[in-house]
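Student: Chains as they are written, first to last, in the UniProt record's numbering: chain A, 1 to 321; chain B, 1 to 321.
Read the hints as simulated data drawn from the structure, not as lab findings.
For every residue, glycine included, the Cβ atom is placed at its ideal position computed from N, Cα and C.
Please note: incorrect hints may appear among the correct ones.
Stated by the list, open to error - If you want a taste of the chain A side facing chain B, the calculated C-beta under 10 Å gives, among others:
id	residue
1	6
2	45
3	111
4	199
5	202
To be verified - Computed beta-carbon distance windows for the label pairs:
id	chain 1	residue 1	chain 2	residue 2	range
6	B	286	A	10	27 to 35 Å
7	A	237	B	76	26 to 34 Å
8	B	22	A	58	39 to 47 Å
2 protein chains.
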Amino acid sequence: MAVYTDISEEELGAFLRDYPVGRLLSYKGIAEGTENSNYLLHTSEGAFILTLYERRVEAADLPFFLGLMEHLAKKGVSCPLPVRRQDGETIGTLAGRPAALITFLEGMWVRKPTPQHCREVGRALAELHAAAADFPMTRANALSPAQWLRLWELCKARADEVEPGLAREVEADLAAVDRWPQHLPVGVIHADLFPDNVFFLGGRVSGLIDFYFACNDLLAYDIATCLNAWCFEKDISYNVTKGAALLAGYQSVRPLKPGEVAALPLLARGSALRFMLTRLYDWLTIPDGALVNKRDPMEYVRRLRFHRRITGPGEYGVDLA
Amino acid sequence: MAVYTDISEEELGAFLRDYPVGRLLSYKGIAEGTENSNYLLHTSEGAFILTLYERRVEAADLPFFLGLMEHLAKKGVSCPLPVRRQDGETIGTLAGRPAALITFLEGMWVRKPTPQHCREVGRALAELHAAAADFPMTRANALSPAQWLRLWELCKARADEVEPGLAREVEADLAAVDRWPQHLPVGVIHADLFPDNVFFLGGRVSGLIDFYFACNDLLAYDIATCLNAWCFEKDISYNVTKGAALLAGYQSVRPLKPGEVAALPLLARGSALRFMLTRLYDWLTIPDGALVNKRDPMEYVRRLRFHRRITGPGEYGVDLA
Numbered sequence: 001m002a003v004y005t006d007i008s009e010e011e012l013g014a015f016l017r018d019y020p021v022g023r024l025l026s027y028k029g030i031a032e033g034t035e036n037s038n039y040l041l042h043t044s045e046g047a048f049i050l051t052l053y054e055r056r057v058e059a060a061d062l063p064f065f066l067g068l069m070e071h072l073a074k075k076g077v078s079c080p081l082p083v084r085r086q087d088g089e090t091i092g093t094l095a096g097r098p099a100a101l102i103t104f105l106e107g108m109w110v111r112k113p114t115p116q117h118c119r120e121v122g123r124a125l126a127e128l129h130a131a132a133a134d135f136p137m138t139r140a141n142a143l144s145p146a147q148w149l150r151l152w153e154l155c156k157a158r159a160d161e162v163e164p165g166l167a168r169e170v171e172a173d174l175a176a177v178d179r180w181p182q183h184l185p186v187g188v189i190h191a192d193l194f195p196d197n198v199f200f201l202g203g204r205v206s207g208l209i210d211f212y213f214a215c216n217d218l219l220a221y222d223i224a225t226c227l228n229a230w231c232f233e234k235d236i237s238y239n240v241t242k243g244a245a246l247l248a249g250y251q252s253v254r255p256l257k258p259g260e261v262a263a264l265p266l267l268a269r270g271s272a273l274r275f276m277l278t279r280l281y282d283w284l285t286i287p288d289g290a291l292v293n294k295r296d297p298m299e300y301v302r303r304l305r306f307h308r309r310i311t312g313p314g315e316y317g318v319d320l321a
Numbered sequence: 001m002a003v004y005t006d007i008s009e010e011e012l013g014a015f016l017r018d019y020p021v022g023r024l025l026s027y028k029g030i031a032e033g034t035e036n037s038n039y040l041l042h043t044s045e046g047a048f049i050l051t052l053y054e055r056r057v058e059a060a061d062l063p064f065f066l067g068l069m070e071h072l073a074k075k076g077v078s079c080p081l082p083v084r085r086q087d088g089e090t091i092g093t094l095a096g097r098p099a100a101l102i103t104f105l106e107g108m109w110v111r112k113p114t115p116q117h118c119r120e121v122g123r124a125l126a127e128l129h130a131a132a133a134d135f136p137m138t139r140a141n142a143l144s145p146a147q148w149l150r151l152w153e154l155c156k157a158r159a160d161e162v163e164p165g166l167a168r169e170v171e172a173d174l175a176a177v178d179r180w181p182q183h184l185p186v187g188v189i190h191a192d193l194f195p196d197n198v199f200f201l202g203g204r205v206s207g208l209i210d211f212y213f214a215c216n217d218l219l220a221y222d223i224a225t226c227l228n229a230w231c232f233e234k235d236i237s238y239n240v241t242k243g244a245a246l247l248a249g250y251q252s253v254r255p256l257k258p259g260e261v262a263a264l265p266l267l268a269r270g271s272a273l274r275f276m277l278t279r280l281y282d283w284l285t286i287p288d289g290a291l292v293n294k295r296d297p298m299e300y301v302r303r304l305r306f307h308r309r310i311t312g313p314g315e316y317g318v319d320l321a
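Required output: the full structure, derived from the provided sequences and hints.
Tutor: Next up, the structure:
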């Protein structure tokens, strides 16, 4: 939620000279994305997003992220299209950082998703999975269960500062996800499809953005992340109507395998654990007042408590017929 | 440099229903302005800036600020035009705050002004003064010399925390500005025409923004503020070529009176003192890590040291012929 790097018109003009985007008219730092600096540009050819990649995004991963967006956009997924420079490259350098220019997508992210929004995002997620099926590059998930254990080693001594007893709770979750599913359908997943990464216009998805966690992993794990991100209310109660809508939207494009359905409770618990752990790590290590949004790990601890009590996938609203 | 208030599409849609701006396509919080929350909107009719007025801006002053912008825009000054609602009002309420919608101006602010930029901004300032001459409303300067003394009372006990000896220096400045000019031409001044409030396109001024310090005061005091804001280098050396260009640009529209020229050293010292004091107050009172840009008061202490040594207005580059 912050612009980290200021850029001058001269620097930006020199950078843009290689891109076929016409004359620069304005650029504004926007409060979007937590990891990078983003600018909204107006040029004589239209609107674009300029991203400067800051900490946490590995430059070596950029060809995967930008290649994926280009692949998806060309297959009709509503996601930004990276603009190619005259030399064919999509990644340049600006203010000493890797930088890319992508098309701007109109639309608004929804602060309070309805079941209809959940249905639409479920459908969009399945369409993304289908469109990515023949994307040739691969990227391992840098936040897979093995990494959760590493994060936990860095946090556990101080976890009870957040809430007494938290360390013991989390140990039980880590033990549970030790039985992580191994033989479910895999493919390219978005891995961070939270509401602020999905734009809507007139009730329809108009844009999926922020592919900087995308990787190859279990497709149903992506659904589990969406259930966590879209189907809990502010009081962290699970809204099964929203869950059912999201799952039905997804299955209208790609029906789930029985093994994926059966694994949903464990995948949802694992996904909640992953977001709890990264939030906990940030909570404990980022100084107060840094220009980074520190999100409360307790929101995900409370999701974990819900998932622990689940007795079967039907409780998420999945159609078992 | 921060968005303070998040708004939902529902709230924004309800707010916009009264404005003739077509269908909302997107809105992005932008990192612009230090006092308010600003959003860049795209609608089917074009681009607009939505401002939510936060702390420090008095709601009672908004009719003056917005009325002034409308007056100036209609006289051909490149400044935002407030959009009137169907009921004729320009000020509404959004997220519990006063809010206004203004036209978006293309252009970029210059991080490193050249003498040519200084000449253009001088000319634009004089045109603003001329166009505002028949604006019927008035607003007292809330940061005039009497208020400097009040701010100083709140800061002086801790001023030496910033630099030892600072309190004694500032007392001398306050004594000097006690002989503040009383009979120079007055009118509506911008009072905050820093580089980030002036947009350029193709070397010409394309927009003057942020009228939220505008008030009735000495016209030459506005010039003095521009000399401080535009004509010092990063090392706080005064660039007399830029000063001469700014003053010549101004005088190409409105030649200065001899009394204004003679008063320049004192006005420049007073203006530097005003910005030093508000920065010092923020520096000492705003907690580290608040979402507010705390600017270094020493940048203005060093300008004050320059102005104290001035022996005559010619040293600013004013044409005394």
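Student: Which earlier hints turn out false for this structure, listed by number in ascending order?
Tutor: Result: hints 2, 7 break, sorted rising.
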